[in-house]
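Novice: Residues per chain, in single letters:
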Amino acid sequence: MDEHPRLDLLRMMWRIRLFEERVLELHRAGEVVGSVHLCIGQEAIAVGACSELRLPGDAVFATYRGHGWALACGVDVEVLFAELLGRETGINGGRGGSAYFSAPQYGFYGENSIVGAHLPIAVGAAMATAWTGNGRVCLAVCGDGAMNQGSVAEALNFAAIRNAPVVFVVENNVYSELTPIAAMVREPRLVERARPYGIPAQRVDGNDAAAVAVSVRSAVGRCRDGGGPVLIEAMTQRLVGHYIGDAQLYRPAGEVDAARDGDPLVVAAAQAQARGVSSRDLSELEQAVRREVDDACARALDAPRADASNVREHVYA
Amino acid sequence: MPELTYAQAVNAALRRALEERPEVVVYGEDVGKPGGVHGVTRGLHRSFGDRVFDTPISESSILGSAIGMSMVGLRPVVEIMWADFVFVAFDQLINQASNVRYVSRGELTAPITVRMQQGAAPGACAQHSQSIEAFLAHIPGLRVALPSNPQDAYDITLAAIAADDPTVVIENRTLYHSMRSEVSFAEQWPVSRAARVVRSGTDITAVTWGATVNAVLSAAAMLDERAGIDVEVIDLRWLNPLDDEAVALSLSNTGALAVVHEANQTGGFGAEIVARMTERGIPLSPPPLRIATPDMRIPAAPSLLSAVVPSADLIARRLEAAVTSR
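Protein sequences, first through last, are from chains R and Z.
Here the first sequence stands for residues 1 to 317, numbered as in our numbering.
Here the second sequence stands for residues 1001 to 1326, numbered as in our numbering.
Bound conformation, chain R alone (with noise of 0.2 angstroms):
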């Protein structure tokens, strides 16, 4: 554990959560439509992780649960909500939405909509650093549900028989989309996965930032010295639904309620008092950040929506 109270990684996550609260409003606004995943409740591993990444160069490869990705990256607000918005100004100028998210300049190399299919992606990506010999190392996350995808056991694989600098990080959120995992798996522990592929792994509280940067820096390390890919399960809950407007009828009563004991900005703010830190100046942190998103959000807003005069270029070099 630092010496220090990770100030910036709270901030980050404060930064992803308001972001997300503030989607919510947008999509219950009208403003922002279509199929959203948030990942409140999650955004430690997110924070965590990004944290011990050498960005741009390394590359982020996310599922479409990736918006706390994409900014803990250090991707700008602003062209998040213009993206989410449908603004010109978005980061992928409306082509690609909530989903779709993608960014290499910052080492955010996308997110993606088809469960596990960007496993393979993020190996051949690592597996380049062989001829490229720029050092690269490629994280891919994905969720628990992932584990049971065809992609994702090919995935495992090809990067061990490459030895490919590769992280998988698995966001265990113990739902698998609406299905609890437990009752899609009959070995409940991930982990347990990588082992028959001859992949080291690791289990961590995916809700304490400063435990998943503390293993994913170890996992980065390993795969910086050529020891080849690494797996960590991250376990957390969702604070939210699956999607925007999932009821979520199939989760325990209280389960939610008890979730928020381990609201990982609840933990992070816990770390810090207890190394020091005023209560004062955390609300101020919290403050300082929601007067950014707010400020995105308006200029997103007024920002023109995308053009339509090119919307078929790009289909095509």
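Hints were generated in silico from the structure; no laboratory data involved.
Predicted model only: the values in this text are computed from it and were never measured.
Be aware that a few hints might be false.
Claimed, not checked - Here are a few chain R residues that face chain Z, going by a calculated C-beta distance under 10 angstroms:
| # | residue |
| --- | --- |
| 1 | N92 |
| 2 | R95 |
| 3 | S102 |
| 4 | P104 |
| 5 | N112 |
| 6 | I114 |
| 7 | G116 |
| 8 | A117 |
| 9 | H118 |
| 10 | L119 |
| 11 | T129 |
| 12 | A130 |
| 13 | A159 |
| 14 | A270 |
Even for Gly, the Cβ is constructed at its ideal location relative to N, Cα and C.
Starting from the known structure of chain R, arrange chain Z on it as the hints suggest.
Specialist: Using the frame of chain R, we list chain Z on its own:
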């Protein structure tokens, strides 16, 4: 000019790409040390070491990893051993490779080359015989080519590798070792994606691609000899981009159109050619004709197979009937 088989021509193109572009890597199942189940990549691993390598039997990871490599600057050329196997990993072409450029507004690209081979041949079976080009040509964002001879196999392979779009090259194993001709190695990498008139004629335009080009040429020779019917044969070579101008130009001379493919008829790419020419308002007489495998599965027994896949004889009969009905 050296005389090469179709397989040797593909091999020569891959060798040249590996020699001249350090960002090219070549891989797939049995592609490295064994040199490919059809021998197309023979000798490349010996010359280029780990830039030519074998993979697990994992089509999703073969295609997916190629996409990832290409996103960070390499130009991978991957092999899907039989076209039928690509369906195991179709997601990587249809949801992934095709979308990389568009959803990132060009910030990311996926210049991969996917080689596969398709088609029916005696002794092949239901899951090793299908002609799948229409599935791929339907997908915006992908490029699709089908070389019909050694020179085109060489040129198209290099053009695909040079292309900045994900490109699928569908080869044909019946041509790999049976077809041999002189191949010129131009100093500049070939880039043309035009169709080619492989036989000039005045009575009807037969549009085709891939190995079927050779069956259509045989049919045209038969018709010329036995009925004095003069068939113009167009080898499209690329289905995307589609050189429909070449077809329209031919129709302005012949006024009659047949499309010929080994893929089954419904939703086949021939229907797209007919639709485009009809939309142009080109007067056609007789009505456009589709010559294709009927909508059915591919049988194993050679006698059953030859009853359904369009042969030169069948193509000649159908073309003759069309021309004489006018």
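Novice: Identify every previously stated hint that the structure contradicts and give their numbers, smallest first.
Specialist: 14
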